[in-house]
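Q: Once you've looked at the hints, dock chains W, E and Z against the given chain H.
Protein chains: 4
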Amino acid sequence: MNTVGHLINGEIITEGTRSQNVFNPATGDATKQVDLASKATVEQAIAAAQAAYPAWRNTPAIKRARIMFKFKELLEKHADQICQMIGEEHGKIGHDAAGELQRGIENVEYACGAPELLKGEHSKNVGPSIDSWSEFQPLGVVAGITPFNFPAMVPLWMYPMALVCGNCFILKPSERDPSSTLFIAQLLREAGLPDGVMNVVNGDKEAVDTLLHDKRIQAVSFVGSTPIAEYIYSTATANGKRCQALGGAKNHAIVMPDADMDNAVNQLLGAAFGSSGERCMALSVAVAVGDVAADALIAKMTAAMKKLKVGAHSDNSNDFGPVITRQHQEKVVGYINSAEEQGARVVVDGRNPEVQGYANGFFVGGTLIDNVTPEMVSYQEEIFGPVLQVVRVETMQQAMDLIDGHEYGNGTCIFTRDGEAARYFSDNIQVGMVGINVPLPVPVAYHSFGGWKRSLFGDLHAYGPDAVRFYTKRKTVTQRWPSAGVREGAEFSMPTMK
Amino acid sequence: MNTVGHLINGEIITEGTRSQNVFNPATGDATKQVDLASKATVEQAIAAAQAAYPAWRNTPAIKRARIMFKFKELLEKHADQICQMIGEEHGKIGHDAAGELQRGIENVEYACGAPELLKGEHSKNVGPSIDSWSEFQPLGVVAGITPFNFPAMVPLWMYPMALVCGNCFILKPSERDPSSTLFIAQLLREAGLPDGVMNVVNGDKEAVDTLLHDKRIQAVSFVGSTPIAEYIYSTATANGKRCQALGGAKNHAIVMPDADMDNAVNQLLGAAFGSSGERCMALSVAVAVGDVAADALIAKMTAAMKKLKVGAHSDNSNDFGPVITRQHQEKVVGYINSAEEQGARVVVDGRNPEVQGYANGFFVGGTLIDNVTPEMVSYQEEIFGPVLQVVRVETMQQAMDLIDGHEYGNGTCIFTRDGEAARYFSDNIQVGMVGINVPLPVPVAYHSFGGWKRSLFGDLHAYGPDAVRFYTKRKTVTQRWPSAGVREGAEFSMPTMK
Amino acid sequence: MNTVGHLINGEIITEGTRSQNVFNPATGDATKQVDLASKATVEQAIAAAQAAYPAWRNTPAIKRARIMFKFKELLEKHADQICQMIGEEHGKIGHDAAGELQRGIENVEYACGAPELLKGEHSKNVGPSIDSWSEFQPLGVVAGITPFNFPAMVPLWMYPMALVCGNCFILKPSERDPSSTLFIAQLLREAGLPDGVMNVVNGDKEAVDTLLHDKRIQAVSFVGSTPIAEYIYSTATANGKRCQALGGAKNHAIVMPDADMDNAVNQLLGAAFGSSGERCMALSVAVAVGDVAADALIAKMTAAMKKLKVGAHSDNSNDFGPVITRQHQEKVVGYINSAEEQGARVVVDGRNPEVQGYANGFFVGGTLIDNVTPEMVSYQEEIFGPVLQVVRVETMQQAMDLIDGHEYGNGTCIFTRDGEAARYFSDNIQVGMVGINVPLPVPVAYHSFGGWKRSLFGDLHAYGPDAVRFYTKRKTVTQRWPSAGVREGAEFSMPTMK
Amino acid sequence: MNTVGHLINGEIITEGTRSQNVFNPATGDATKQVDLASKATVEQAIAAAQAAYPAWRNTPAIKRARIMFKFKELLEKHADQICQMIGEEHGKIGHDAAGELQRGIENVEYACGAPELLKGEHSKNVGPSIDSWSEFQPLGVVAGITPFNFPAMVPLWMYPMALVCGNCFILKPSERDPSSTLFIAQLLREAGLPDGVMNVVNGDKEAVDTLLHDKRIQAVSFVGSTPIAEYIYSTATANGKRCQALGGAKNHAIVMPDADMDNAVNQLLGAAFGSSGERCMALSVAVAVGDVAADALIAKMTAAMKKLKVGAHSDNSNDFGPVITRQHQEKVVGYINSAEEQGARVVVDGRNPEVQGYANGFFVGGTLIDNVTPEMVSYQEEIFGPVLQVVRVETMQQAMDLIDGHEYGNGTCIFTRDGEAARYFSDNIQVGMVGINVPLPVPVAYHSFGGWKRSLFGDLHAYGPDAVRFYTKRKTVTQRWPSAGVREGAEFSMPTMK
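Protein chains in written order, with full-length UniProt numbering: chain H, 1 to 498; chain W, 1 to 498; chain E, 1 to 498; chain Z, 1 to 498.
Just so you know, the hints here were simulated from the structure itself, not pulled from any lab data. Check the hints yourself; a few may be wrong.
[To be verified] Mimicking DSS-like on lysine-lysine, the simulated pairs with C-alpha atoms at most 25 Å apart in a straight line are: (1) E/77 with W/63; (2) Z/77 with H/70; (3) Z/63 with H/70; (4) W/70 with E/77; (5) Z/63 with H/77; (6) E/63 with W/63; (7) E/70 with W/77; (8) E/205 with E/331; (9) Z/205 with Z/331; (10) W/215 with H/453; (11) Z/70 with H/63; (12) Z/331 with Z/306; (13) H/39 with H/205; (14) E/63 with W/77; (15) H/63 with H/77; (16) H/331 with H/306; (17) Z/70 with H/70; (18) W/331 with W/205; (19) E/215 with E/205; (20) Z/63 with H/63; (21) W/39 with W/309; (22) Z/215 with Z/205; (23) H/39 with H/215; (24) Z/39 with Z/215; (25) H/63 with Z/77; (26) Z/63 with Z/77; (27) E/77 with W/77; (28) H/215 with W/331; (29) W/331 with W/309; (30) Z/32 with H/77; (31) Z/70 with H/77; (32) W/70 with E/70; (33) Z/453 with E/215; (34) E/453 with Z/215; (35) Z/309 with Z/331; (36) E/205 with E/32.
Extracted from the complex, chain H is given alone in its bound form (with noise of 0.2 Å):
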């Protein structure tokens, strides 16, 4: 069985001391290993990095964005070998890997424009002859930690512009699906990048402790669960390093009784099922307002998730593919049973499904539960899976109240045809990102990525311009300069030093 092992100062490294299976969850089989690395490999890589900071730093930024032009090319030209990796580890269908990649390739395409990111506040004349600017340094070495469910998109929202702000990078990515990732950031080399600037190190608690402490990394940038990114940000800051941390989610639809139904049933298909649910963004609950509305909610995705086709990645007709891991099937059926014993009604039952030649995958079929409630567990905790809850309310306010009521606040739609209502939503709900008509309104690359409340610890979200701020820290410089007689000639006969 193969080993994955770590990049290091454009190395592949492999320690053969701790390891760990990865499992090919459409099978149920453990495929490859990956190698879990010291508190000392680490210390190896941040070590890289700290040494190729210097010239990395001084590299002008045109020069630093050309390479992203050309990893993005790079990626372009393996995405079919990168989605096949993404399959066959996170067991997400290839259209859905193409979806995650493409996503991904639009980070870097922002990160092209690092010259134009990085420009800095110029001011003429603050005083008397004297000028005032602002500069974006870089930090140094900086470090992301990332999730199983998007193993090629969730690194590439971080090192792009991390790099080409002038940082030197540690990347710690999910030890789940470790391929797709390694693969990518190998990419870096042949489009250019020096030896040391990207590390990834694949690894468990003792790799991110040893990322918290260590004095030579100046931010960590997580994405994962909630209380994981709580600890994240906490320690981190508290060892005196910048950190943004984006944890877990529980996003809602208000399904107004003006909306375009057929649409919103089409939307919500994609936005609660796709990937499985596994995705921060993942719409789980929808929130009908009046039961005419309910009814006819339940009854047309009814309708529609009949045509619902789960299977192996292999497949693109399949719509989504398994969860990760036997556990987390576990634990995705532990909700919806927990929802029904609660009195909840599973109007479609994904929890026994048959998939033709998979009998061993970990494979949870799409599910509808109707009349779910607040104090249901099901409703209170973010299930990571292919489950959409309804819950029923007589008013938008009562819709709003809910949502502003839960734990998280990363996403949330509404669907409606009115403008009024649309824009009260938007402005007052106390969620991050919010989609009109949109189920899935993750911010296209050029805006920024964040929740609010419980979903993001942190002053500065994911990517896009928030990202430039963050991977980067201002310097203020004020020049006044006293006259040396050179300008007035006066010195001209006699130079001599004052």
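A: Okay, now just chains W, E and Z, sitting in the frame of chain H:
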């Protein structure tokens, strides 16, 4: 003796349970008492702010800004009165208090531009007929904790911007010189600010800890010493708040051999001794490159210091006044003693200044120390007194290494007439605010203030553009309007709900 | 009879050679004379401006801005007096004059943000150790030529921004209502503006042509009718000046069947008849989609118009006042006649309004005309009177084609509650300022004002961010400092000139 | 002999009516013909562009940008071929053509950032529940007219940005060296650009005048000589188009006594003689301050010029090649003659260069002329040949007066090591592009290119941020949603149209 109270919901309130003396540092006399808020009182302020928030949040930015236009007028109208209050409790001379207030007003002026500063980014067609934009929404109730050395200016770095962004504010100013701060805050009501939007609580650790732990406080801005800054930052962030905490400093000026030495000496005088050196941007170390430069610097400095005049705030011909407390006076003298003991040469000795008529004042005279080395305690720690230490080095690179080796990275300066030296210095030095022939490179109000290393904890600097980002959270809206038939006219004949 | 003179170099000057009557349009009486400047007088103003320029250019932006802070105070203090002057010469009612003045003051408020608005872009390391930045420098002496309909507001669109950018200004206001304009300009001196920086010349074509041909004038801003705008633009540009020339308008509102009709009628009342329709943003055509909407609009409008009150400026209960001149009154009535003759139906007829006590005033009452068609003269030309014409169409697309087919493209509006219709309209309509349920979509002062097609000649719109670019020229500096040995220390022993 | 045709709607078209020779300037031979488009052919191109516009306008900016990503790849892939074409028709040496192409590609890179660059400004609550935002919409069909001296670069200044902003483009390149321009434009199709979006017409005044008068052309960008620029600008603006027209130059370098003279000479060599001085940013006048500096400059320059190598483009060891035509060769020699006749001293004489094997080529050798004075014709006019003239002055102020007294204000430079001299110079000199120790201060692609005075007609500079504004028009939308009852729920029971 008068007691200084709290401003809560537009009323001045005094608890009367715990209080502390406020001194006139020029006479050494206790002249007032300041009430120390209990947890309950602070919570009352928070509740008032929370209650005022919804209406204030929905007030158009231009209307919030207009209150700042009026506030500026009132600050200018009451300037003399405010400077008097500052002088009586802090001790700084009238001209210096006027300078502080002016710097504060400049932040009010900047806040008047709120409508411009709060613009979000609008993207048409992020996909086919899909638009996306960002909004910078207020956080809610936020807090500021400010130091004794700028009772007018540092609070004005914070709340004008916080308020125009739509937040409500709780200010916990220094308990050593609370009167001017409170007076200024009261002017906001006359300027048209609704009650409860701005509140002031005087207090000590109890008040601070209440602010740090209360869930309703969304953000904390702090200026003070590094150990407290670190405590504030780690506590606030562990409690899920955003935080920016500005700490101590040790600001070096490099004096190059080609510098205009008369200009340098003239600039250093004010930068080292102004406000008795009780400024986080005080220039406390001069690094002379080469003995020729060092000797010239010492000679010219010694001569210039003969004219320094120390005394009470009320005499505007004085250059600077007393330090803030008896204990602080002793601490400053202790540093001078230690430098002497560790081998430095006290060239001009301010340890026992005679100040006619103010025998009990907390005075320290201007002090110049030569041959200081990095091992000395007086070099490693922040003195916060009217003491300029000179370190001699051979090369500019040694001077820069010295600066980069220090714990702090707040401000720094180079005196030279050479473009290349200045550019190399400003590019490479690990300090957040850099002066080129400007010894106090405090950024103007439309740039941002912040040190590096252990001089600032957090991502975003104080005031200026960074403050807009600190006091707002990004919301990204993605919008698509499915056709509802209205435009096409199909629905005109028979409107029905789909 | 008093004569209104010119403001040149801080002094009021009257030539006494040529002059013209100024009327009170409510009474029809000539009440003042206005001096008409000769070429020599205009050149005197230009010379004064040119002389004041070098010092003003070098005044820090923050100091220029502070004059605007004070100017705002003075405008607010003298508001009643200014509105009185406007009413006496222009005829608009007190509340309307107050609105105009307020809109003008908002441009002064925006100009207070000059230090932020004038920031250039700074790029570190555009090449190895090469930096580059942009500066936005003033143009020199610039001119504004403004119309009678907003004697306070339109000049304030121009010169506050031009001045804070560092330019000196020559204003040639309308000779029909010159008093408020001149009074306002005089307040600048009290606000602290140095003499000569701002100058006002009253006059006619001779003054205009002098400004257009004088080499010292760097830029011309104009607001007026399209034929004159075109002349100004082609003449100014042929003389090497930059120019922005705003012309006429024919602003349509589409009334959709799903609109809130009471709201639409309420909005249209003010937008069509306010200031007697003498606004370039007046809503003069309502395009009703479908006869149901059209009939409802006509019915509700007819009822609402019964309450319209026309009269003299001094009675604040009036809705609008007289038009500007006898000739203009006749012209407006002529358009109504022609519409009737060409087959339209005059539903509410304002041709012979009775205004008690003002028998000789230049009044036209609110007029509503139905069944207007694109062939009619009254549809094709700008009426500039209190006349609302209704065109009936079958579909929204027809309504949009009508708008896009018209010569002008200043403002437009749609009344609907449908998000999709609003988005399609605002995206595709060939008009520069678009309202969604906002009938007078005049951009706020921190955005920019400008129409499309033959409503504006030039690249940059009026006021707001575009004005900053219009009143400054870009300078790009690229800087590299070759080592001079100063930093490395080689030169310290023996400095020589190379 | 091959004939170079036009690119219209994706096809190469040749009229065959009128044509003109294309020469190889190194041999003097006519090698090709270029078809000269008639009015009808130009109108055909405009019609094609107009037809392609609606779909292109609605293509999301990110998709338009991705064509530029691919275009960059193709330009890099075909770089050698392009440089060969440039060399054969323009005569510039391979390394110089490569530099030109690279500068062109940098504009393509900048255009890749379109989604960022096209962001509008979004303001929430400009009034109660009223929002406003700006959109930067494309103009429609726009045109570029470009000169012979940069057949690859100058067109790439224009159309990449125009296209990503959503416009369609007609390019009228120089008829002297049309092949590389046409080849490059054809690559766009391979990059994915729809037919008709980009069109190239070769031609002369007939083509130009057609573009200037056709109502469908919304904007014209021009680079060429000042008399033509002035004609283009006044004609285009009189026809209601926006226009930016870049004209001639006379770029001075001030050589200060404290300059690093070896560095200055080294820089001046390339800046004065590179591309035979046929650059609008060529450094053609050195102003030496003081005779010591002047004598040193002349001595070092004379020595350095001995190594200059002139010859054909195909030998990459040559420094520069021939000028563009026989007539231009004679004109350049005429300027040298006139300088000599008017009393200047020809120090290095390039009038009769021997170029082995290229007896009939249009060569002029590098020429250095001392003691030039402002009265000489060779000083007043643009030579556009490999001629560096030295003017001697006593003071820096005299040098600056000289520069400011010249008709042109394109580029300028100062050689000094003194910060104060550099700052004073860059602040005050009336020139649009300023170098500090950078003799060819061509702004990088993410800044903008433009001279002052008679070097540029128009408000906005070429490429960079200004180009975004030039190629788009601002639309400001103001939006208010009156309640329709949908949100409040009133309408849920019985939806009806109001």
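Q: The structure should be examined with respect to each hint, and the outcome stated for every one.
A: Going through the hints against the structure:
Restraint check: the Cα-Cα separation between residue 77 of chain E and residue 63 of chain W comes to about 18 Å, which is no more than 25 Å; the hinted pair holds. Under the criterion of a C-alpha separation no larger than 25 Å, the hint pairing residue 77 of chain Z with residue 70 of chain H is consistent with the structure, at around 13 Å. Straight-line distance between C-alpha atoms of residue 63 of chain Z and residue 70 of chain H comes to about 18 Å, which keeps the hinted pair within the 25 Å bound. Distance restraint check for residue 70 of chain W and residue 77 of chain E: the Cα-Cα separation of roughly 13 Å lies within the 25 Å cut-off, and the hinted pair is therefore satisfied.
Distance restraint check for residue 63 of chain Z and residue 77 of chain H: the Cα-Cα separation of roughly 18 Å lies within the 25 Å cut-off, and the hinted pair is therefore satisfied. Our distance criterion of 25 Å between C-alpha atoms is met by residue 63 of chain E and residue 63 of chain W, whose separation comes to about 24 Å. Taken as a hint, the residue 70 of chain E and residue 77 of chain W pair is honoured in the structure, with Cα atoms around 13 Å apart against an allowance of 25 Å. Distance restraint check for residue 205 of chain E and residue 331 of chain E: the Cα-Cα separation of roughly 22 Å lies within the 25 Å cut-off, and the hinted pair is therefore satisfied.
Between residue 205 of chain Z and residue 331 of chain Z the CA atoms are separated by roughly 22 Å; this keeps the pair inside 25 Å, and the hint holds. For the hint linking residue 215 of chain W to residue 453 of chain H, the alpha-carbon distance of about 11 Å falls within 25 Å, and the restraint holds. Pair hint residue 70 of chain Z plus residue 63 of chain H holds up; C-alpha atoms about 18 Å apart against a cutoff of 25 Å. A C-alpha spacing of about 24 Å is found between residue 331 of chain Z and residue 306 of chain Z, which places the hinted pair at or below 25 Å, so the restraint holds.
Restraint check: the Cα-Cα separation between residue 39 of chain H and residue 205 of chain H comes to about 10 Å, which is no more than 25 Å; the hinted pair holds. For the suggested pair residue 63 of chain E and residue 77 of chain W, the alpha carbons sit about 18 Å apart, so the restraint of at most 25 Å is met. For a cut-off of 25 Å, the pair hint linking residue 63 of chain H to residue 77 of chain H stands: about 22 Å separates their Cα positions. For the hint linking residue 331 of chain H to residue 306 of chain H, the alpha-carbon distance of about 24 Å falls within 25 Å, and the restraint holds.
At roughly 11 Å between alpha-carbon atoms, residue 70 of chain Z and residue 70 of chain H fall within 25 Å of each other, so this suggested pair holds. Of the pairs offered as hints, the one joining residue 331 of chain W and residue 205 of chain W holds, with about 22 Å between alpha carbons and a cut-off of 25 Å not exceeded. Of the pairs offered as hints, the one joining residue 215 of chain E and residue 205 of chain E holds, with about 17 Å between alpha carbons and a cut-off of 25 Å not exceeded. For the given pair, residue 63 of chain Z sits about 24 Å from residue 63 of chain H by alpha-carbon distance, which is consistent with the 25 Å threshold.
Between the alpha carbons of residue 39 of chain W and residue 309 of chain W the distance comes to roughly 44 Å, so the proposed pair goes past 25 Å and is violated. Taking the CA atoms of residue 215 of chain Z and residue 205 of chain Z, the gap is about 17 Å. The hint holds against a cut of 25 Å. The straight-line distance between the Cα atoms of residue 39 of chain H and residue 215 of chain H is roughly 14 Å, inside the 25 Å bound, and the hint therefore holds. At most 25 Å may separate the alpha-carbon atoms for a hinted pair to count; residue 39 of chain Z and residue 215 of chain Z meet this at roughly 14 Å.
Proposed proximity of residue 63 of chain H and residue 77 of chain Z is supported: the alpha carbons are some 18 Å apart, at most 25 Å. Taken as a hint, the residue 63 of chain Z and residue 77 of chain Z pair is honoured in the structure, with Cα atoms around 22 Å apart against an allowance of 25 Å. As the CA atoms of residue 77 of chain E and residue 77 of chain W are separated by approximately 16 Å, the hinted pair is consistent with the 25 Å bound. Pair hint residue 215 of chain H plus residue 331 of chain W does not hold up; C-alpha atoms about 31 Å apart against a cutoff of 25 Å.
With a C-alpha separation of about 21 Å, the suggested pairing of residue 331 of chain W with residue 309 of chain W holds against the 25 Å cut-off. At roughly 39 Å between alpha-carbon atoms, residue 32 of chain Z and residue 77 of chain H are farther apart than 25 Å, so this suggested pair is violated. Using a Cα cut-off of 25 Å, the hinted pair residue 70 of chain Z and residue 77 of chain H holds, with the two alpha carbons roughly 13 Å apart. In summary, the hint linking residue 70 of chain W to residue 70 of chain E is supported, as the alpha carbons are separated by about 11 Å, within the 25 Å threshold.
Between residue 453 of chain Z and residue 215 of chain E the CA atoms are separated by roughly 11 Å; this keeps the pair inside 25 Å, and the hint holds. A threshold of 25 Å between alpha carbons decides the hint, and for residue 453 of chain E with residue 215 of chain Z the separation of about 11 Å falls inside it, so the pair holds. With a C-alpha separation of about 21 Å, the suggested pair residue 309 of chain Z and residue 331 of chain Z falls inside the 25 Å cut-off, and the hint holds. Between residue 205 of chain E and residue 32 of chain E the alpha-carbon distance is near 20 Å, which keeps this suggested pair within the 25 Å criterion.
When held up to the earlier numbered hints, the structure conflicts with 21, 28, 30 and fits the remainder.
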